[in-house]
Each structure stands twice: as C-alpha cells, then as structure tokens.
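Residue numbers (my numbering), protein chains in the order written: chain A, 1 to 309; chain B, 310 to 618.
Honestly, the hints are just simulated from the structure, not real lab data. Just so you know, these numbers come straight off a predicted model, no measurement behind them. The beta carbon of each residue, even a glycine, is placed where N, CA and C say it ideally should be. Please note that the accuracy of each hint is not assured.
Just some of the chain A residues that point at chain B, by a computed CB distance under 7 Å [said to hold, decoys possible]:
#	residue
1	F56
2	V79
3	D105
4	A131
5	A157
Chain A side only, calculated, beta carbon under 8 Å to chain B, not exhaustive [to be verified]:
#	residue
6	F137
7	E216
8	R220
9	Q258
10	G259
11	K260
12	L263
13	V267
Covered by chain B, according to a simulated footprint, are these stretches of chain A (three or more residues, beta-carbon under 8 Å) [to be verified]:
#	segment
14	196 to 202
15	206 to 214
16	276 to 286
The residues making up each chain are set out below.
Protein chains: 2
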Amino acid sequence: MLQRSGHMNQTGTGFSELELALQMGSKQVDAVLERLLPPPGGLQCRVQDAMRYAIFAGGKRLRPFLLMQSACLFGVAPVQALRAAAAIEAVHTYSLVHDDLPCMDDDDLRRGRPTTHRAFDEATAVLAGDALLTIAFEIVADPDTHPSGEVRARLVAELARASGTLGMIGGQTIDIEAPSHAFGADEVILLQRLKTGALFEFCCVAGPILAEAGGEHEERLRAYARAFGLVFQITDDLLDVLSTAEKTGKAVGKDAKQGKATLVSLVGIEAARARAEDLAVQAAEIVAPYGAPANSLQALPKYLLTREA
Amino acid sequence: MLQRSGHMNQTGTGFSELELALQMGSKQVDAVLERLLPPPGGLQCRVQDAMRYAIFAGGKRLRPFLLMQSACLFGVAPVQALRAAAAIEAVHTYSLVHDDLPCMDDDDLRRGRPTTHRAFDEATAVLAGDALLTIAFEIVADPDTHPSGEVRARLVAELARASGTLGMIGGQTIDIEAPSHAFGADEVILLQRLKTGALFEFCCVAGPILAEAGGEHEERLRAYARAFGLVFQITDDLLDVLSTAEKTGKAVGKDAKQGKATLVSLVGIEAARARAEDLAVQAAEIVAPYGAPANSLQALPKYLLTREA
Chain A
1 MLQRSGHMNQ
11 TGTGFSELEL
21 ALQMGSKQVD
31 AVLERLLPPP
41 GGLQCRVQDA
51 MRYAIFAGGK
61 RLRPFLLMQS
71 ACLFGVAPVQ
81 ALRAAAAIEA
91 VHTYSLVHDD
101 LPCMDDDDLR
111 RGRPTTHRAF
121 DEATAVLAGD
131 ALLTIAFEIV
141 ADPDTHPSGE
151 VRARLVAELA
161 RASGTLGMIG
171 GQTIDIEAPS
181 HAFGADEVIL
191 LQRLKTGALF
201 EFCCVAGPIL
211 AEAGGEHEER
221 LRAYARAFGL
231 VFQITDDLLD
241 VLSTAEKTGK
251 AVGKDAKQGK
261 ATLVSLVGIE
271 AARARAEDLA
281 VQAAEIVAPY
291 GAPANSLQAL
301 PKYLLTREA
Chain B
310 MLQRSGHMNQ
320 TGTGFSELEL
330 ALQMGSKQVD
340 AVLERLLPPP
350 GGLQCRVQDA
360 MRYAIFAGGK
370 RLRPFLLMQS
380 ACLFGVAPVQ
390 ALRAAAAIEA
400 VHTYSLVHDD
410 LPCMDDDDLR
420 RGRPTTHRAF
430 DEATAVLAGD
440 ALLTIAFEIV
450 ADPDTHPSGE
460 VRARLVAELA
470 RASGTLGMIG
480 GQTIDIEAPS
490 HAFGADEVIL
500 LQRLKTGALF
510 EFCCVAGPIL
520 AEAGGEHEER
530 LRAYARAFGL
540 VFQITDDLLD
550 VLSTAEKTGK
560 AVGKDAKQGK
570 ATLVSLVGIE
580 AARARAEDLA
590 VQAAEIVAPY
600 GAPANSLQAL
610 PKYLLTREA
C-alpha cells in the first residue's frame, strides 16, 4: 500500500519525502526484528520459522513508523524507539495470524501469500501468534529499551491494555459477533477504536512515554492517534468496497458479504471520504505545534487518503 | 488432585498442614483473580466470560502456591506476591485453553468440564487465551505489584522468557511434533523443562526477584524449581498411565496412544517413581537452609508423589 514506485511519485502524489521515510523506517525495523526474533533452527524451529514467515511478509510497518515519528518529536534515541517499534509490529502480526485462523476470519491469503496456518498448520499458527505476543513484552521489558524500569513497566502496561479486552482483543470479540448486530455509527467507531485504534494509540503515546515528556504530551498524541485511526479505518473500508484483491493482496468485499456495518456502509462512500478528509486535517493540526519534526505525522493521514491498496 | 477430604487426612497422609495451606492459597489467589479479571458484561462479554470460565474451573493453583511460598521465604508482602501469582495462573490457564483446541490436543474435557472451545466456540477460546496471556503482563507491570519499576520490568521479562519459544511455547512446539521423533531421556527432560518447568521456574524465582534478594537466592530457587518440575512431570506421567479419567477429570492414557515418549515409558514405572522420590528429597534439601518458612516447599514435592488425580 505505502510503497509506491518512483514513477508514481513523479506523477505528483506530493508524498515522495514521506514515502522515502516510510521505506527507510521499514528497513530499520526489519533489521531490528531480524536481530530480536529467535533464530531459525533448533528443536522449536517450526514455530520460530512461522513467526518469521508471518512478520517478514512485506508489511507496511505503519505502526512502527508512527511510533518512530512519535519518538522523534521528543528526541528519543532511535535504538530505544526501534525496539518498541519492533514490539508493536510483533503484536500486530500476532493479531493478524490469529485473526486469519479458520475459526476466525478463515483467510487463505495475506499480503498475497498463504496465511500462516496455510503455509504451516493451524497449531503452529496459534503458537506462533502466542509467541509473537509474548516476545513483544520481552522486548519492551528488556533494559535495552530504556534505562528506567519505570518507563519499561509503563510501556508494558500500556501495550497490554491496548492489546487486551479493553483494546484490540475486545474489538475483535465485538467484530466476530458484529454481523448479528445492527450497529450504528457510534458503535462502529467504538469497534474501530478498540480493534485497530488502540494499537495506534500505543504507537503514538510511546514517544512521550519513552521521553518521560509528561501527561500533556501523551494526551495530545492520543488525540492525534484517535483521528489517525479513524482515517485509517475509513480508507480501509473504502478499499474493501472499491479495490481489488489483486491490488490489496487479500480478499475484498468481505464486510458487505458478512453483513458488517462500516462507516462507509452507514453513511455512503462520499460522506465517509469527506469525514476522513476532515479528520486528516484535524490530526495534522493536533501535532502542528511540534513544528518540523512533526512533518511526517502531519502528512501521513493525508497520504492514507490516497491509498490504492 | 491436591484437595483431599478431611477423612483422607485423618487416615494419615501426613500432609494435612500442607493441604490446608494449599486450600487457603487457592482461595486467596481466586479472590485476587476475581478482582483483576475484566468484569462480566459489556460488548466484549463473551471473551470475558470465557476467560472466567477457563480460570475458575477448580484448578489446583499449584503455580500460585509455589510463587507465594517462594515469596514467603523472603518476607515479600502477600498483596504483591498474590498479584504475581494471579498473573502466572492467567498464563497457565491461557496455555491450557490453547493446548485444548481442536488443532492442538483436541480435548473435550478439562477438570471434568467441557473445555473452553466446547463451552463457547473456537474463536472465543483463541481470544480468551490471548487475553489471559495479555492481562498477565498488565497485572505484573502495574505499580501495585511492586513499587520499583525495575522489579516489575524484570518480572515481565522473566515471565515472557518462561512463556516463550525458549520456555513453554517452545516445549509445546516440540511436544506436538514429538510422536514423530524417537526421543531419549535427555530430550524428554528438556521437553518437560520447557513445557511445564519454565513456568515453575518463574514461580520460584519470583520470590527473590520481588524481594530484590540477589542472584544467589535466585539460583537456589531455580534449582529447586528444576527438581520440583521433574517430580511434577513424572507423577503426571504416572497418573496418565495408572489413573482413570474419573479421578483426573481429563482423558488418560493419551501419551501411550499418541506414541509419546515419557520418562515413565522410557525407564518403566518403578524406576521413574524412584527417580521422582530422589528428586523430591533433593528439592527439599535445596530449600532447607531457609528453615521453617520453607516447610511447604519441602513438603510439596513429596506430597506430589501421593497424587491420585
């Protein structure tokens, strides 16, 4: 989705700097993940191979990027931010591996490749997901992430909350029961805020936490994350309606097929797009006081509006 | 298994004090779990109900007991130790919920009741397991567990390592592939040390960590945990051979049916029992220097040898 060709940049998307930053960020976090994940081989090699298969699948590393940019606002050392970024990508990947399972969304494809349970088997996919979640906490809690134990414990608690029943897992729980409910816009927004929004919030608040910048900055970054999360969700829903499996590398038209309400199905394509555009402007304004270091955070939601996959 | 009737105590098992302590410990940790788990109700109620169903299933709370006893050696405040104890029980329960899934052991019964995926559904069981693992880290990282962030972060890291690919998940990975391997005694012991031993080690080392007692005490408690873990595994394997589903509340004879090597299948019932008895004595000797506060830790492995369920 976010890796456009040079040709497309030249046609004037106006995001070439952001795209370059995204590509560089992706390479950096991949290098850290490569080092932090258990090495291939050994008696446990099957689950370790599956962890690597799932995480090195050409993901966009959007969450790590958000986290790195949030850290950048407060001058956090990149080596620290990259570890937290690797952790959040491990959590995101675990959620995809489990969501794809036959008992959940039963997806065969993810980013154009067989899902982890198809490439390996269901038991290995369950365990690889469990292991990715587990290692995320191990990475964050390690002294290399931050010299202060208070900061590390705080990050662990935030990550757990964002991932748990009041965050991502709660959202997924509501989502799998969603087709049987007549959700309105408020409930759809709550569902999104839990299912995908909570991890975005962790990414954005990780910067001020790592910098021990204080509650005011945390609240500002949280507000940014909430606007950003909604832009992300609306553009994701629009893609599900408008794009093709070829472009997205996964099944499309699923929401409608499953009878799930989305903001797009509730208010229509044009109104949803207009809402997303407003939110992208709001998000940019929230981080404007940080000046030039916030350039990427300002551009990112607008860039999402140009998503084609 | 560990809750005998008063009548049996009177017949002279000689463990009535330990049994009382186990029962009291179980009630204490249940009360803490009741308070720490998300309340029933709300849009996410299904996964929260499943978490409670899985964890309040009449488990023996052996791991919390070990942790509380380890903490007791070093004068750790019970309110702190109980939170860590609740966390380890959440991790243990998550592992049972996922291990019971159709794609893993495909068990219908656990402690005499339908397994979580039978009582709810597979998707809910996967998510409830995920949520139990997640909340364990949230509990440990919370300032209520210990005033020092260093201690909390250290506990998180230890718990993650014990649960991950070099601990419990690694053991489970090897175990599901075990029927296709010709394991010898060394490999069976390694498998046990990962699959069940690593969590016991966390329980035993949590005491000195919470007390900031230092590496020497940690090493002593780790040595105790390793001996204890083997006693536990051998008695568990003996039960699988000798007991009935009625007594254990779960399927028996599974190891043989699946062609899995155990210490019992490798060396025979009598030699395995003799080995367990030696290890129980060793374990007791390791913690003898702590005097009276170590009474329960000394008695526990010997008590396991009397297991009937």
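Consistency of the hints with the structure:
1. F56: This hint is violated: F56(A) lies away from chain B, its Cβ roughly 16 Å from the closest one there, beyond 7 Å.
2. V79: violated (17 Å)
3. D105: violated (9 Å)
4. A131: holds (5 Å)
5. A157: holds (4 Å)
6. F137: Result: holds, 5 Å to nearest chain B Cβ.
7. E216: violated (21 Å)
8. R220: violated (24 Å)
9. Q258: Violated. Min distance 14 Å.
10. G259: violated (17 Å)
11. K260: With a minimum Cβ separation of about 15 Å from chain B (threshold 8 Å), the hint on K260(A) is violated.
12. L263: violated (18 Å)
13. V267: violated (21 Å)
14. 196 to 202: Result for this restraint: violated, n = 0.
15. 206 to 214: violated (count 0)
16. 276 to 286: violated (count 0)
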